[in-house]
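Chemist: Chains as they are written, first to last, in my numbering: chain A, 1 to 299; chain B, 1001 to 1287; chain C, 2001 to 2482.
Watch out, some of these pointers could steer you wrong.
With a straight-line cut-off of 27 Å between C-alpha atoms, the simulated DSSO-like cross-links for lysine-lysine are [what the hints assert, rightly or not]: (1) C:K2257 / B:K1274; (2) A:K31 / C:K2077; (3) C:K2245 / B:K1274; (4) C:K2245 / B:K1239; (5) A:K65 / A:K231; (6) B:K1009 / B:K1047; (7) C:K2051 / C:K2369; (8) C:K2152 / A:K30; (9) A:K231 / C:K2317; (10) C:K2245 / B:K1240; (11) C:K2152 / B:K1240; (12) B:K1123 / C:K2089.
It should be emphasised that the hints constitute simulated quantities derived from the structure, not laboratory data.
Spelled out from the first residue to the last, the chains are:
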Amino acid sequence: MALEIQQYTHLIDQVNAQERVARLFSRSIKKESKMQALHLALSMIDLTTLEGKDSEGKVKQLCYKASHLHDKYPGLPNVAAICVYPNMVPIAKKSLDGTGINVASVATAFPSGMADIKAKLEEVKSVVDAGADEVDMVISRGKFLSGNYGYVSDEISQVKEACGKAHLKVILETGELVTLDNVRLASDIAMEAGADFIKTSTGKISPAATPPVVLTMLEAVRDFQTKTGKKIGMKPAGGIGTAKQAIQYLVMIKETLGSEWLSPDLFRFGASSLANDILMQIMKQTTGQYQSKDYFSID
Amino acid sequence: MSERINIQKTYKLYIGGKFPRTESGRYIKWADKKNSTVVNICRGSRKDFRNAMVSARGAVSGWSSRTAYNRAQILYRVGEMLEGRRDQFMAELTLQGLSKKQAEKEINQSIDRLIYYAGWADKFQQIFSRVNPVSLPYFNFTSTEATGVVAAIAPDDSSLLGLVSIIAPVIAGGNSIVIMASESFPLCSISFGEVLYTSDVPGGVINILTGYRSELIDHFSSHMDVNAIIYCGDNEDDKKLVEMNAALNVKHVIQFPVQDWAKDQHQSPYHILKCQETKTTWHPIGV
Amino acid sequence: MKKVKTWEYSPAPESTDHIQLKDKYDLFINGEFVPSSDGKYFDTINPSNEKKIAEVAQAGKADVEKAVASARKAYDKTWSKMPAKERGKYIFRIARLLQERAREFSVIETLDGGKPIRESRDVDVPLAAAHFFYHAGWADKLEYAFPGRTAKPLGVVGQIIPWNFPLLMAAWKLAPALATGNTVVLKPAETTPLTAMKLAEIIQEADLPPGVVNIINGAGETGRHLVNHGDINKIAFTGSTDVGKYIMESVAGSGKKYTLELGGKAANIIFEDAAIDQAVEGIINAIFFNQGHVCCAGSRLYVQEGVAEEVIAKLQKRMDTLIVGDPLDKNTDIGAINSKMQLDKIKEYVKLGKNEGGTLYQTSCSLPKKGYWFAPTIFTDVSQSNRIVQEEIFGPVLAIQTFRTVDEVIAKANNSPYGLSGGVWTDKGSKIYKVSQDIRAGVIWANTFNKFDPASPFGGYKESGVGSEGGIEGLSGYVNLV
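Bound conformation, chain A alone:
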């Protein structure tokens, strides 16, 4: 199995992928379908704070926001998870107790991944011990780009093992992989090695989640299911700030993977500001008036 994936078995034509994206994104989502999509997108958000200046206070505020998106408007879903640095896992876990919202932690020397495997595994174990429900690891891009796919694959397998019951999201950091061929190969390697989710980016590198990259990864997920029967989740992260973008991605999922993937179990948005834009859109749809940011909390 490992041998088979260590080569480009699926090539991606960039221009055609962009054209496919353009066509998908030209779908016009209006009225009831738009409202449905906005609710769905909210429930798929991994509300994220990954900054050096993060503090316990900041994380607490974010956790409150996660289950109180806009209390003036009842019936809204919670976001799917909070995504934080390892040292913030305990405080997040405590703050979210009883909400049903997961705690996701980045790990494996996020965002660069430049540490030895021992240190990475220790970090993974420690966040899992601290109660993280989901672990977002980064792959070793340097090894990948130098053709050492076996290393990348082994590392993911070991992290997966260290995760235990926690769900593993594998961040490919596609902005550093550059080509869609690489994105596809890295997706295949990650899924073969045990990823529960594959994720585009750390959010620290530009470009982050671009539409052709997401499409390429969704197609990899689809082909993996055809081949193995397993359903792998997908998480674009970084650069998704508007409700319009979120809906476009829902269209992409629906028409690439089918309605089954339209669920937080199999699809997430890694985002910090997306929730509020969606909330504004929901209010606009409800009231008919365009909204101001002043009316939506910015935790």
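Mind docking chains B and C on chain A? Use the hints.
Modeler: Chains B and C alone, transformed into the frame defined by chain A:
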């Protein structure tokens, strides 16, 4: 001393790089004006044309896929061979009624025309091909490609220069040709076949038939495997017949009126273009 | 966690309230809208609901005479005498006006022809404007197009266009003819006359000298009068090969020039080293673009055996996501079949395909009750000997065969009297050049399909036509080189 008996030439067809007699066994008596020389010319038949078409079709892909440089050299070689056979053509052209001076001019110009087109063979594509600036992230280029098999009714009044002026641009462009020689002056058309035979033109690329226009023109223009038909002449009924028949398989129709082929304006890369298709290719530009 | 089980798109119809349509359209002759001499009008209907949209004047022999006379006068008196750069400015004007009214044209194109608004909005109308814009600039630069020769206009050109891209084909025909200094009598197809009549309004608005462009409507009979008119210098035709042959016969011996853009049965070739997901998308674009009403449609698919199973499975899945229905809905992928006649022809071929033993797959979309509809259809288990592989269906019907070697597939691709276009999908550069060189067709789409641009020549080999349209090659069909 007894007079030596001449060896008279048998004029045959030129098909597939060989000199067969007409399969029909028929002949046309051809005599010079003084009736002093009388020869038998093959009266080419529908089946001869069919056989020539088979040869031409068989030869075209090989010929068109040769390098342009190679085609240029072969055309040049045809010119060389013609130069070396001046005497034979002088004799035939004068027998066909030209003065020595006229015959010499015709031979010179025929040779020069071959050299002219030899020079174009590896250049015309540069003139007529291009990269097109499309408004999409695609590399888009247009190039010329040989039309395929060309059937031609050669000029009747210009037996050598007319013939050469039709053949040279057609084969410079990578096509093969089946050409019906001048009915009135057929002698040096067949001799031109001998030039071709000794000049590295692959068999089947050029095929020369003799016979009656009125008999063959219908077959030339109606054959379903002909890609382009060239008609030289002013006969309105013939022109209409050719155009009607061309509709059967949407042949390209190229017509030349009776004209003085000696004029420089009758040699041009645009003549090569007449038997070229335009192919445009698109490809995305990406990583 | 909250789950939404199914998420369907709500209807998203393009609004029709900003368009201006009259109940009745006359002929456009000599810069004016005039009724037909014998007072005959015919209905043009919306093929998606069979409702009448407007009635349109039917040009008889006398009207054709009038139109040609007006074009001749305009040619002699104004258009051929006008400085080329001024001619160009008029054409630029048309391009601009068309861009300004793009939305109105898209909606009317969709109403009259049945094609999805997504295509008329994103393809037909912008490309039509681009054609005018591109050719406008050529008007005063023709000496650079034909080195060593001088380009002279032909005179009066008769142009007959089809119903599959009504406005775009009008632009393809008019723009180069006008840029090179000819005057025109244009006959749109009888099922789709409206955008051409709207274009006539623009031409009037642009102040084009009267008679330079005349637009007359009608069916085959009107076309025949135009083709056979003694004072026409050239016929430019896009349509079926049968009619093309008829035109060749009709003009035989008349000295009229012609360019013909005729039928096709393009091979679309997928090699096993292709980018498969993009190739599948390419197959969709090749055959289902504009309901398959495309002369260059990739209607013969050849898939290399090693990937055939994967490609066909993915193709079927992708087909299932195609939205068939109201052409005005912005999410519609496949609109209405253009006419009942065409629908009957498609049905006939599909029946034939089944009878010949082909295996059919059709998407299970629900088709509207009113109007002319046909579900996206593919056939497997067919061979070169099947008629649905040989003949142009002009509908959303794809015939799929597998192959093993390059030589085999090239031979099969060329095993057709047509030669308009071809597709090749492989990631190997040298193979692209080899295959695209060997396919006998005028347009080769390598790792793409159905792309068009005014700068890119388009035309066919063999029974697919004579001459090219677009680019410098397209200009050459409208000039005498002296």
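Chemist: Broken hints, numbered, in rising order?
Modeler: Numbers 2, 5, 8 and 12, in rising order.
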